[in-house]
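Q: Sequence:
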Amino acid sequence: MKYRPFGKLGWDVSVLGFGAMRLPVIDKDQSKINEPLATEMLHYAIDNGVNYVDTAYIYHGGNSEKFLGRALQRGYREKVKIATKLPSWVVNEKGDFDHYLDKQLERLQTDTIDVYLLHGLNETQWPKLRDLGALEWAAAAKEDGRIKHLGFSFHDSLEVFKEIIDDTDKWEVCQIQYNYMDVEFQAGLEGLAYAADRDIATIIMEPLRGGQLARNPPDSIARIMDRSPVKRTQADWALHWVWNDQRVPTLLSGMSSMRHVTENVESACNAAAGSMSGPDLELIDEVRAEYLKSTPIPCTSCRYCMPCPEGVQIFRIFELYNDGHRYEDQNAPKRTYQFFLGGKQADACVECFECEEVCPQEIPIVEWLKTTHEWMTAKG
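Each residue of the sequence shown is one higher than the one before, starting from 3 at the first, in this note's numbering.
If you are wondering where the hints come from, they were derived from the structure by calculation, not from laboratory data.
We treat Cβ as the ideally placed atom computed from N, Cα and C, and that holds for glycine.
Hints are not guaranteed to be accurate.
Stated by the list, open to error - Keeping only pairs whose Cα atoms sit at most 20 Å apart, straight-line, the calculated EDC-like set for lysine to aspartate or glutamate is:
| no. | residue 1 | residue 2 |
| --- | --- | --- |
| 1 | K96 | E161 |
| 2 | K295 | E359 |
| 3 | K144 | D199 |
| 4 | K130 | E95 |
| 5 | K346 | E145 |
| 6 | K150 | E108 |
| 7 | K130 | E108 |
| 8 | K81 | E145 |
Stated by the list, open to error - If you anchor each label on the Cβ, the simulated ranges turn out as follows:
| no. | residue 1 | residue 2 | range |
| --- | --- | --- | --- |
| 9 | P366 | Q75 | 23 to 29 Å |
| 10 | K30 | D287 | 35 to 41 Å |
| 11 | P220 | R249 | 26 to 32 Å |
The whole structure should be built from the sequences, with the hints applied where relevant.
A: Next comes the structure, spelled out in structure tokens:
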């Protein structure tokens, strides 16, 4: 296993972190973790050098933390740093901070959480938590030993990311989505650099884009990959692209089978900053360009169409639709659209056409919203 300095935290972290969000389950029920298999996977990873485990209050219907509490007994807790996350969206009063942290400590069967993240900060969640005194509360929780380091995970625009970073000097870590397709998505490459310049350790989530960059690619992408004299799996290409940047201390992989664990551990043993050659990076640039060519809606997520008077998440819906076609994957975007969108679906559009009047790409947004909703809700 390879290790890198973990920012200002004072210890070295394994380049591969174990994400406990996509553990193996029973009967496709995400709340029913296959504990014997998941425990075997976790122990294999730790026995082979992984020293960072990431979970959250809501993962697996609230059972991920409980599982880790059991699986990290018999000496395994002492071998790893645990990160978990405050469910920011359900915190509405000051007492909620202690309520959820104490519950998480009980679930995890530990006296302290090594890295405590405010989950999913965005332009609405962060001001709410800040005004409730999140930073002062966290300082007290660090003082009494319940948490050691404070950070946040993030899903919003680069501008919001910078605002949150600049709001306080208390951040020690942040967690962002980043992969070779998402260099300009959310915080992206610029956000990674922005955090690194302020000595904030950046944890990478979704390095395989929820598995989209690990499955067999379309023929046009496969032909590009096949030209390289370096033979790697699709996942290996994606992971090494992230590890190539020395500003990345660790990335998280949500592994759901033992094969995922063994392959990712092997990849991590060969991780090195600056190890990808110029031709390797050019190949990934070509792959990215080819993927982007298969994007049906020419939306750049500029958000000029927002806010929609009816609350429709226009740009986000278009991102999901484009992803489904780009990666030939219907399941992930449809699942997000139906259960996790965080706003009104496309059928809430009342055809006011305000969005089309300001769209710099001159996209026929209203018609595309009809198309996307039909596709997202179609069975099969």
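Q: Look at each hint and say if it fits the structure.
A: Hints versus structure:
no.: 1; hint: K96 with E161; in the structure: violated, 27 Å
no.: 2; hint: K295 with E359; in the structure: violated, 26 Å
no.: 3; hint: K144 with D199; in the structure: violated, 24 Å
no.: 4; hint: K130 with E95; in the structure: holds, 10 Å
no.: 5; hint: K346 with E145; in the structure: violated, 42 Å
no.: 6; hint: K150 with E108; in the structure: holds, 16 Å
no.: 7; hint: K130 with E108; in the structure: violated, 26 Å
no.: 8; hint: K81 with E145; in the structure: violated, 23 Å
no.: 9; hint: P366 with Q75: 23 to 29 Å; in the structure: violated, 58 Å
no.: 10; hint: K30 with D287: 35 to 41 Å; in the structure: holds, 37 Å
no.: 11; hint: P220 with R249: 26 to 32 Å; in the structure: holds, 31 Å
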